[in-house]
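Here are the chains, one letter per residue:
Protein chains: 2
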Amino acid sequence: MSFRFSLHGTDDGARRGQFETPHGVVQTPAFMPVGTQGAVKAALHRDVAEAGADIILGNTYHLFLRPGDELIARRGGLHRFIGWPHPVLTDSGGYQVFSLAARCVIREDGADFQSHLDGARHVLTPERAVDIQARLGSDIAMVLDECLAYPTTREDAAASMERSVRWARRCRERLAVLRSAAPPEVTVSNAGQAQFGIVQGGAFQDLRNESADATVDIGFEGYAIGGLSVGEPTGEMYAITGDTAARLPANQPRYLMGAGTPQDLVECVARGIDMFDCVMPTRNARNGQLFTSEGRINIKNARYAEDDRPLDPACACYTCRSHSRAYLRHLYLSGEMTAGALNTLHNLTFYLDTMRQIRDAIAFRTFETFRQGFLRSASRLSLDS
Amino acid sequence: MSFRFSLHGTDDGARRGQFETPHGVVQTPAFMPVGTQGAVKAALHRDVAEAGADIILGNTYHLFLRPGDELIARRGGLHRFIGWPHPVLTDSGGYQVFSLAARCVIREDGADFQSHLDGARHVLTPERAVDIQARLGSDIAMVLDECLAYPTTREDAAASMERSVRWARRCRERLAVLRSAAPPEVTVSNAGQAQFGIVQGGAFQDLRNESADATVDIGFEGYAIGGLSVGEPTGEMYAITGDTAARLPANQPRYLMGAGTPQDLVECVARGIDMFDCVMPTRNARNGQLFTSEGRINIKNARYAEDDRPLDPACACYTCRSHSRAYLRHLYLSGEMTAGALNTLHNLTFYLDTMRQIRDAIAFRTFETFRQGFLRSASRLSLDS
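Protein sequence lines, in the order shown, are assigned to chains B and P. Using numbering that gives the first Met the number 0, read the first sequence as starting at 0 and increasing by one per residue. Using numbering that gives the first Met the number 0, read the second sequence as starting at 0 and increasing by one per residue.
Careful, some of the hints might be misleading.
Intra- or inter-copy, both count: the list cannot distinguish identical chains.
Stated by the list, open to error - 25 Å max Cα-Cα, derived SDA-like pairs, lysine to any residue:
#, residue 1, residue 2
1, Lys299, Val24
2, Lys299, Gln356
3, Lys299, Met336
4, Lys299, Ala48
5, Lys299, Asn58
6, Lys299, Val185
Bear in mind the hints are in silico, worked out from the structure with no lab data behind them.
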């Protein structure tokens, strides 16, 4: 196995570590920029790396539909196809099938859906999710799980969680087949690919516990907490994250899927999370919503029309070194593509810088001080509200 | 005066030189990427500079309407506002007023028009074009001229050319006022700003000669040839360019406005042109039309779906170093913003590399050999036709 997690140290619940993959080492806690279609939106790979990303996330649903996992396998796998030589994690495709595809029908076997691109019908089974990710050759693949909307009944949450466990077992079994004797139709692009299980159970901690125990019982290289950041109150999300993380093995990485705001990262690191992904820094950037150490900025606001200051005086990114708020506002209002590029570069740097500060604070065992300072600071507040 | 042109040497009609501006030196023959609204579309300034641009062009019409020349003057001028510390040339705004604005009415005094953004009425007089560019603080300002469509009658071309000469004189007189005693309402952002006259006259060489003589008689730091690349046959464009350039002072720079294809650059350098601007490399890039040393590529073409080669094996740009044609096609078809960014980076590099090769060939007095090789090569042909 090429995947290896090492825990360097802890500071209360927060954990400082790293994991090794066939494409390099990732320092944890880590934030993974989202590269949906094999590209982080509005950011060139070199800028993503320069902003401090060790690893990016690719969306299996999108890549399966276009350009197709078989084409990517023929190109030598996702890393070679997209020209990103560093680690990549892929999701299972399930979340987009349930949220983006048309006419999705979930059966025990898997999910039937129609492509949002051309209406073609497809079936995503646990085995197929494994095969597709094997062809993509990501460093970390995720099991296919069912992600319910919030709120849901206990009964629905239980049934869905139990199905997710059954699907997780099928995913692990399929990976074992691919590792020992892959059939000719599945090109395994990355023999060292790891596979993470996903804990579900909605907002019901006893179901979460049951899911965690059953998933750990199957045995994966790491564990994710799914089905959060779907509309539940923040306090509830933190509580479930903390209680669930505590139930997962200490010597394996824990990944909170789809979170979140900068303070979510800090709060969930405090609760034992090692990995995050979220579209927030990149999507908000394209909408002119910028994170700074002094608070959030909506660059469209007229107050920035003649503001010669950088977005964030504390930031060393290219955008902040080179441009004023006045210019960034002008680019945004003028519809220039460089608005999205410069804003994305900054927001990614803010997120990845926050992770670096988190890692340093844990290493120096000053994380609680950092956390309190971070949450007191204006960075979670809007300057424009 | 901060503007100084030096002719280093010639090779038949081709000229190798440089000009100095308050923001740095420009090697000639030079190509100026178009930064319409204070940004080269889809390219960050650092990438524009890295691609080899000494100077960019800004469009006065766009900047006047948004964010406004007075706001830019308050920010310290265009260079400081946009964060580009290198030379900038601005056009007069006339071309966009005639082609882009609504309900344009040209009178002897100037042009009445409605903003394409909000319908507001404005008047652009020669004096106002000078004032606006003084506030922008570009290193080279252009006189307001009238640019006719092709074809036109001799009578119309003559009347328009004569008006352009009268407007050029008014522009020069206004600049003299600003240089000696600018009124309080005109902030002069760049005291070393040069001003170029523009030769008009349509496709009638005798009118071109008359215009050239009258414009040189007024006296400017450099001279442009306007009103070409508007639909006339290429051979006619080359002939007028050559004959007109020959009539301009040898010790001042000559700028062919709005041209052109890579072979236009080579052919017009051969005819004595020192400066070019064109949206072709950037606009074509965003449409997936790419220039390579082996021919033009339409990246949408299915033949590139599994093509692992770089766009241009002879190119050292980031795009060609990092990505395959297959990936660039995927990005384009997926509507990713990075498609525009990577394609623009490449096309700009191709243009600016061509200019560097032109300059080297002139310096070594091998320009005719370079030219014949360049025109023989596939670079002007489409690989996808």
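Identical-chain pair category, Lys299 with Ala48, by Cα at 25 Å: neither (28 Å within a copy, 28 Å between copies)
Copy assignment of Lys299 with Met336, given that the CA separation must stay at most 25 Å: both (15 Å within a copy, 20 Å between copies)
Intra- versus inter-subunit Cα pairing at 25 Å for Lys299 with Val24: Neither, since 38 Å and 36 Å both go past 25 Å.
Lys299 and Val185: within-copy, between-copy, both or neither at 25 Å Cα: Result: close neither inside a copy nor across copies, 49 Å intra and 28 Å inter.
Within, between, both or neither, where Lys299 and Asn58 count as close if Cα-Cα is 25 Å or less: Only across copies: Lys299 and Asn58 sit 22 Å apart there, 30 Å inside one copy, limit 25 Å.
Homomeric proximity label, Lys299 with Gln356: Cα distance no greater than 25 Å: neither (29 Å within a copy, 43 Å between copies)
Violated hints, listed in ascending order, are 1, 2, 4 and 6; each of the other numbered hints is respected by the structure.
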